[in-house]
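> Here the structure of chain A is known, so what remains is to put chain B in place on it, guided by the hints.
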Amino acid sequence: MTGAGIAVTDADLLAYADGRLDGERRAVVEAWLADRPEDRLRVEEWQRQNAVLHAVLDPVEREPVPPELTAVLRTAPRRRALPDIAAAAAVAVAFVAGLAAGYVLWNAPAEQASLKELATVGLDAHRVYAVEIRHPVEVGADEEQHLVAWLTKRLDTPVKAPDLSAEGLRLLGGRLIPSGDKPAALLMYEGDSGERFSLLIAREPTARMTSFRYTEAGNVGAFYWMDSGAGYALSGPADRNRLLRIARAIYEQLDN
Amino acid sequence: MPIDRRELEGLIPALRRYARGLAGDRSAADDLVQECLALALDRERQFRGPHLRPWVFAILSNVGRSAHRKRARAPVLADVDPADAGADPATRVTVLAALSALPDEQRQPLLLAAVEGFTYREIADILGIPIGTVMSRLSRARATLAERLEGAEIVALRRTK
Numbered sequence: 001m002t003g004a005g006i007a008v009t010d011a012d013l014l015a016y017a018d019g020r021l022d023g024e025r026r027a028v029v030e031a032w033l034a035d036r037p038e039d040r041l042r043v044e045e046w047q048r049q050n051a052v053l054h055a056v057l058d059p060v061e062r063e064p065v066p067p068e069l070t071a072v073l074r075t076a077p078r079r080r081a082l083p084d085i086a087a088a089a090a091v092a093v094a095f096v097a098g099l100a101a102g103y104v105l106w107n108a109p110a111e112q113a114s115l116k117e118l119a120t121v122g123l124d125a126h127r128v129y130a131v132e133i134r135h136p137v138e139v140g141a142d143e144e145q146h147l148v149a150w151l152t153k154r155l156d157t158p159v160k161a162p163d164l165s166a167e168g169l170r171l172l173g174g175r176l177i178p179s180g181d182k183p184a185a186l187l188m189y190e191g192d193s194g195e196r197f198s199l200l201i202a203r204e205p206t207a208r209m210t211s212f213r214y215t216e217a218g219n220v221g222a223f224y225w226m227d228s229g230a231g232y233a234l235s236g237p238a239d240r241n242r243l244l245r246i247a248r249a250i251y252e253q254l255d256n
Numbered sequence: 257m258p259i260d261r262r263e264l265e266g267l268i269p270a271l272r273r274y275a276r277g278l279a280g281d282r283s284a285a286d287d288l289v290q291e292c293l294a295l296a297l298d299r300e301r302q303f304r305g306p307h308l309r310p311w312v313f314a315i316l317s318n319v320g321r322s323a324h325r326k327r328a329r330a331p332v333l334a335d336v337d338p339a340d341a342g343a344d345p346a347t348r349v350t351v352l353a354a355l356s357a358l359p360d361e362q363r364q365p366l367l368l369a370a371v372e373g374f375t376y377r378e379i380a381d382i383l384g385i386p387i388g389t390v391m392s393r394l395s396r397a398r399a400t401l402a403e404r405l406e407g408a409e410i411v412a413l414r415r416t417k
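Protein sequences, first through last, are from chains A and B.
By my numbering, the letter at position 8 of the first sequence is numbered 8, and the numbering carries on one by one without gaps.
Position in the second sequence (first residue = 1) + 256 = my numbering.
Just chain A, same shape as in the assembly (with noise of 0.2 Å):
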């Protein structure tokens, strides 16, 4: 009998049920198979889920891939181009902070939970205020300046209207809102046609820079992140692409 002196573990019973033996070892374990019909019947157990997991879930693999997760490959914003020395020193010191790049993932539900969170309050709010013909901004942007050192106050971080006059949009004011338990600011923005675009500016002191996420419910869709300091969330009707340029642009003008 071959290999009847090897004890066959059951590690090597999950690589033959996996199909991971080559061809030596494979002997081995078939031969010890041969007479102990219980282990055989665990590895053919052990088979048939293999088979069962593949038929329940290879058919996700197959499905369309769903646009707003290729979006997030187009969409990420550039780094900023950090000189290399400088580069290396925040990797080093994220590095000792974090004790071990593990810290970086583990921290990462705090911020995914708070980033999701912006998406929701910032399309909730856009829902509420952007139909509204007559009151849609507490102060107008008429006393922009006012506006904005109003807003920077409460939310206890600088806050900018950006110009978007190039995507054809002017600023009609904002709103202070609450978001959680803190103060977020709401700008609003119209273009030619009456469209309207809101801007949630959230303090978020732990925020590091993130890609642009983007989301959709109904007519309304909205790209949102988080940059030093703060968190971000555009809405406005649901075109992808129109908003995706907007908010690169508010992106870039925010970004210094």
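Mixed in with the good hints, there may be bad ones.
[What the hints assert, rightly or not] Computed beta-carbon distance windows for the label pairs:
| # | chain 1 | residue 1 | chain 2 | residue 2 | range |
| --- | --- | --- | --- | --- | --- |
| 1 | A | His135 | B | Pro258 | 43 to 53 Å |
| 2 | A | Arg25 | B | Gly305 | 24 to 34 Å |
| 3 | B | Thr375 | A | Gly194 | 51 to 61 Å |
[Unchecked claim] Not the full set, but computed from the structure, chain B residues with beta-carbon under 7 Å of chain A:
| # | residue |
| --- | --- |
| 4 | Ile259 |
| 5 | Glu265 |
| 6 | Gly266 |
| 7 | Leu267 |
| 8 | Leu293 |
| 9 | Asp298 |
| 10 | Leu394 |
| 11 | Arg398 |
| 12 | Thr400 |
The hints are simulated quantities; they were obtained by calculation from the structure and are not laboratory data.
Cβ atoms here follow ideal geometry from the backbone N, Cα and C, with glycine treated the same way.
Only chain B this time, still in chain A's reference frame:
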């Protein structure tokens, strides 16, 4: 090192499959994938190569682990979409429910080995655990799954191999 966007895009179908096994329902799974892709781009500098696939699956495993903790054992809503080919809806619900009853630490190595075809060595690296731990978790996952699926009516399966 910079990651190849096209290669990353090519991994999306497999990432969606893994995520569906982790999260059960489609929209929760696609949220995980979206987060995973965004993180992969954000963390591009941490990619040391040589292979993108295990690195991205490691990110998705992390995202899935924390998401699952947060969901606090919500019931499985396996979406029953008639457009889906493959196993019949009852089988799908049964299997996804059995999967969701496993702890993450068992579900992840099981899916990576049985469905995604990673080697045990790769799984150890992806999950950041010793290979012996991979084997013992796989063993427990398979034993629990066998109990859960016992007696359940599993139909419309094609046999593999």
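> Identify every previously stated hint that the structure contradicts and give their numbers, smallest first.
Of the numbered hints given earlier, those the structure breaks are 4, 6, 7 and 12, listed in rising order.
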